[in-house]
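Now for the letters of each chain:
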Amino acid sequence: MIGLTDYLIVSAILFSIGLMGVLRRRNLLMLFFATEVMLNAVNVAFAAISHYYNDLTGQMFAFFIIAIAASEVAVGLGILIVLYKKHGSLDLDDLASMRG
Amino acid sequence: MYEAIAFYLFSALTIGLFLITVMSKNVLYAMTSLAAGMVLISGFFFILGADFLGVVQLIVYVGAVMALYSFAMMFFDATRDIKEKNTPAALVFLLGGLSALVLVLIFAGPIHSDAIQALYPMHEGVGNAQDVGIVLFTKYLVPFEVAAVMLLVAMIAGIILAGKKMDQSLTKDTSVDDADEILKQKDAK
Amino acid sequence: MEGLVYIALFAPFASSLFAALFGMTERKIFVGIVASTLLATAFIASAMLAFYVHGTGNAVHVTMMDWISAGDLHIPFGFIVDQVSVTMMVVVTLVSTIVHIYSIGYMDHDKSFNRFFSYLSAFVFSMMILVMSDNFAGLFIGWEGVGVCSWLLIGFWYHKPDVSREENPSISPSWAANEAFIMNRIADLGMLIGLFILYWNIGSLQYDKVFAAVPFLDGTVLNAAALALFIGAMGKSAQFPLHTWLTDAMEGPTPVSALIHAATMVTAGVFLVIRANPLFSLTPEVSYFIAALGTFVAFFAASMALVNRDLKRIIAFSTLSQLGYMFAAAGLGAYWIALFHLAAHAFFKALLFLGAGNVMHAMHDELDIFKMGGLKKVMKWTYLYMGIASLALAGIPFFAGFFSKDAIIETAWNEGTIVLWAILVITAGMTAFYSFRQVFLTFEGDERYKKYGIHPHEMYGYVLVAMSPLAILAMVAGFGMKGFEHFVTKLLPDYHMSEHTHHIAWFLGLVVLAFAVGGIVLAYKKYYHGLKRDEQLENSWYYKLLANQYYIPVLYEEFIAKPYAMISNAMWTKVDMKIVDATVDGIAKFLYKTGDTSRKMQTGNLSNYLNWMAVGAVLLLVVAAISAAAIG
Chain A
90 MIGLTDYLIV SAILFSIGLM GVLRRRNLLM LFFATEVMLN AVNVAFAAIS HYYNDLTGQM
150 FAFFIIAIAA SEVAVGLGIL IVLYKKHGSL DLDDLASMRG
Chain B
21 MYEAIAFYLF SALTIGLFLI TVMSKNVLYA MTSLAAGMVL ISGFFFILGA DFLGVVQLIV
81 YVGAVMALYS FAMMFFDATR DIKEKNTPAA LVFLLGGLSA LVLVLIFAGP IHSDAIQALY
141 PMHEGVGNAQ DVGIVLFTKY LVPFEVAAVM LLVAMIAGII LAGKKMDQSL TKDTSVDDAD
201 EILKQKDAK
Chain C
49 MEGLVYIALF APFASSLFAA LFGMTERKIF VGIVASTLLA TAFIASAMLA FYVHGTGNAV
109 HVTMMDWISA GDLHIPFGFI VDQVSVTMMV VVTLVSTIVH IYSIGYMDHD KSFNRFFSYL
169 SAFVFSMMIL VMSDNFAGLF IGWEGVGVCS WLLIGFWYHK PDVSREENPS ISPSWAANEA
229 FIMNRIADLG MLIGLFILYW NIGSLQYDKV FAAVPFLDGT VLNAAALALF IGAMGKSAQF
289 PLHTWLTDAM EGPTPVSALI HAATMVTAGV FLVIRANPLF SLTPEVSYFI AALGTFVAFF
349 AASMALVNRD LKRIIAFSTL SQLGYMFAAA GLGAYWIALF HLAAHAFFKA LLFLGAGNVM
409 HAMHDELDIF KMGGLKKVMK WTYLYMGIAS LALAGIPFFA GFFSKDAIIE TAWNEGTIVL
469 WAILVITAGM TAFYSFRQVF LTFEGDERYK KYGIHPHEMY GYVLVAMSPL AILAMVAGFG
529 MKGFEHFVTK LLPDYHMSEH THHIAWFLGL VVLAFAVGGI VLAYKKYYHG LKRDEQLENS
589 WYYKLLANQY YIPVLYEEFI AKPYAMISNA MWTKVDMKIV DATVDGIAKF LYKTGDTSRK
649 MQTGNLSNYL NWMAVGAVLL LVVAAISAAA IG
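Protein chains in written order, with this note's numbering: chain A, 90 to 189; chain B, 21 to 209; chain C, 49 to 680.
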């Protein structure tokens, strides 16, 4: 039988994949993809908990996360476009201009 | 039984697809596998009985967000492979693996508190969409409205950020020329 | 009556504040006049209070407000005007008024004229608090207040540079001021300990409560309290071994020496012993120690005065010596005689100092009596005043000093302490000798000042008039002795000579008189006809010993000041620099280095930041997991 632990483990693995992406990639667009992966991983965990505890709160949180992810994408992509117009690149190594 | 098969299938597929997303050099591949992974995530939701969430996942993520990404990609040069100096793999796998390990260990551990009470319990014999709707529009009304306003604001911000100088080519950088022209004009004055 | 108490107390304060308004501006004559008027007001109020207390025999007791009220500690700002304090008030305000008027003339050419009046009035205010307070805490505040004012006034000419000890034994005004202040700190610690002992055992610092409770205290506690209080008195009254500051305090302007270092502040120690007489009369050992020390200081200081060449220092030594007499009387239980000598001494010593101030003014700050001589031609009045004061000091019959000093010496006989008696009698002879040595060297004989191109002149007329009350009191104060005894013994324990002493009193008086006259005659023979220096005597070891004040200041310098400076230096270079500073610097350097190292994290590359963030997140996760496992 599939229990809560199984879902949570899958969620953790997905989250770690997202984290690896965030760590590994230098391209901003790919970083966005990686964060989407992490958000989805968390959503799975929420839905699983919601199901196994018979509580709707987890689903509510998942809804709001989706809403926030959507707005993040909207604003983030706008910013990416502006950045690309300005620098012609989305690579973080090229954008490093605040060296301390 | 079916549930177990579906769970393992979806798990393997999503993990594989997301790994492609994270590892692929090609933006198009990455995005495609991300979209596919998200569809399969909604499959999880359906298994878990969160029908409404699954539908929202499909509509918002796969429908809206991915469409937004694909539109955005038209601005960039998407066919080319991304050349980037990736962070040393050792560090990435160390941190990622470690976090995965710790999280799995935490989740695999027994849950001690038996006193967890459902705050908004689901009702037997009532559809998921109905249940969600009641809770969302009573207990979570204010956050819901705030989220709506936030989406509106995000939309306006996205339009303004992306919409300016839509007529100019992004792949051919013109801003430098503009600056040169402005300088020339200033010199002329 | 309550109003008069406040007028007497706060008129000097008002005067000080008024003068302080003009403290930084150039000389304004009205500042001096206003200050003197306010002081005169205080004097009149004090005198009226004295008449009231004398007439009714009641003390005036007022409580202005609560001062400290914390837990069991309750100290009000209370003032008591009884027979003892009213005597002190009258003496203090009278001498202060005269000194204020005198200062208008004396400080005429000083650019800090206004500042001087501010300090001087502040001193009077502190002194009034000291004598009027109805508890030990208030007394202590006044005690410290006069200490601060004394410091300000000794160091009044703080701009004078330090010179070597050979050139000027007190080095510089600021040095002398610091010496006085630090020595008084040492003594004040003793006083504070005494107050703590009293409070610890009695639970109050009010005079009436303390004195009602002392008979029930343990003998050791009483001795400890009395001794600690007396150590405080020793500092303020410059008793051996804390005496060196008083002569050095002569660096201050002469009116200050007259008011603070002769008439009022230095007698505060005697006042304390008189005020705390219920305590001291229960501790015969401590009292005997006080008497013995007083007698010793009387002799010790007089011996140094014999050979000194500095006009003001001679008078300072004589002040020390007379304070010794007062302590001898107080220690022997004759408190009212001590108080009487205190008052009489205040009059003639202030007069003597002011006369010395006149001479100094005339001689353009020259103080060496070997460079004076023959001044009587130009300074008739000053000669007269100083002559009267010296006669009173020497104890010539019918002058003030005769009555008071004679009574003290008689007390020593009466108590059966023949050694003390003998020393006091010899000291009386020495007193006469050095007073008249100084007077004759200054005013008689050849006019040695002409060699130094000095043109002396008499002091302003109004100054001389202002000094006249002191001269009159120096002459006649002694006749008030019976009345004074009657007045103060309502509060103080009465002291009577035994029948036997009474019978031979005339004989004892005659012995003292013989010594005094002998001293004067000796001084007359040696110095009246001019200065004949005796090289052999001046080079003898005992002359040098006396002239160098028994080498005590040098000893203090060598064995206390220098080792202390060495220790401080070592502390500074070893402990402070190497340990304290190094620790502080080390912390700063560590932070600085950490910042410098971690600055490299700020690459400006978002990817690096994300890596760091991930490291942090993973660390937190690990911590959470471990703690969960530990708790679970």
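A hint or two may mislead.
[As the list claims (entries may be wrong)] Residues of chain B clear of chain C, computed beta-carbon distances all greater than 10 Å: (1) I25; (2) F113; (3) L123.
[Said to hold, decoys possible] In silico contact screen, one side only, chain C against chain B (beta carbon under 8 Å); selected entries: (4) M49; (5) N659; (6) A662; (7) V663; (8) V666; (9) L669; (10) A673; (11) S675; (12) A676.
Think of the hints as simulated: they come from the structure by calculation, not from any bench. Just so you know, even glycine gets a beta-carbon here, dropped at the ideal spot from N, CA and C.
Here's how the hints hold up against the structure:
For I25 of chain B, the non-interface assignment is confirmed: its Cβ lies about 32 Å from the closest Cβ of chain C, beyond the 10 Å cut-off. Its beta-carbon lying about 12 Å from the closest one in chain C, F113 of chain B satisfies the requirement of being farther than 10 Å from that chain. A cut-off of 10 Å between C-beta atoms contradicts the statement that L123 of chain B is not in contact with chain C; the least separation is 7 Å. Hint on M49 of chain C is violated. Least Cβ distance to chain B is approximately 77 Å, over the 8 Å limit.
At a threshold of 8 Å, the smallest CB-CB gap from N659 of chain C to chain B is about 6 Å, leaving the interface hint in force. Interface hint status for A662 of chain C: upheld, as the beta-carbon distance to the closest one in chain B is roughly 5 Å, under 8 Å. For V663 of chain C, the suggested interface contact is upheld, since its CB lies about 7 Å from the closest CB of chain B, less than 8 Å. Of the supplied interface hints, the one on V666 of chain C holds, with its beta-carbon coming within about 5 Å of a beta-carbon of chain B, less than 8 Å.
The beta carbon of L669 of chain C is positioned within 8 Å of a beta carbon in chain B (closest approach about 5 Å), and the interface hint is therefore held. For A673 of chain C, the suggested interface contact is upheld, since its CB lies about 5 Å from the closest CB of chain B, less than 8 Å. With its C-beta approaching chain B no nearer than about 11 Å, S675 of chain C sits outside the 8 Å limit, and its interface hint is violated. Annotation: interface hint on A676 of chain C holds; nearest CB of chain B at approximately 7 Å, less than 8 Å.
Checked against the numbered hints given earlier, this structure breaks hints 3, 4, 11; the rest are met.
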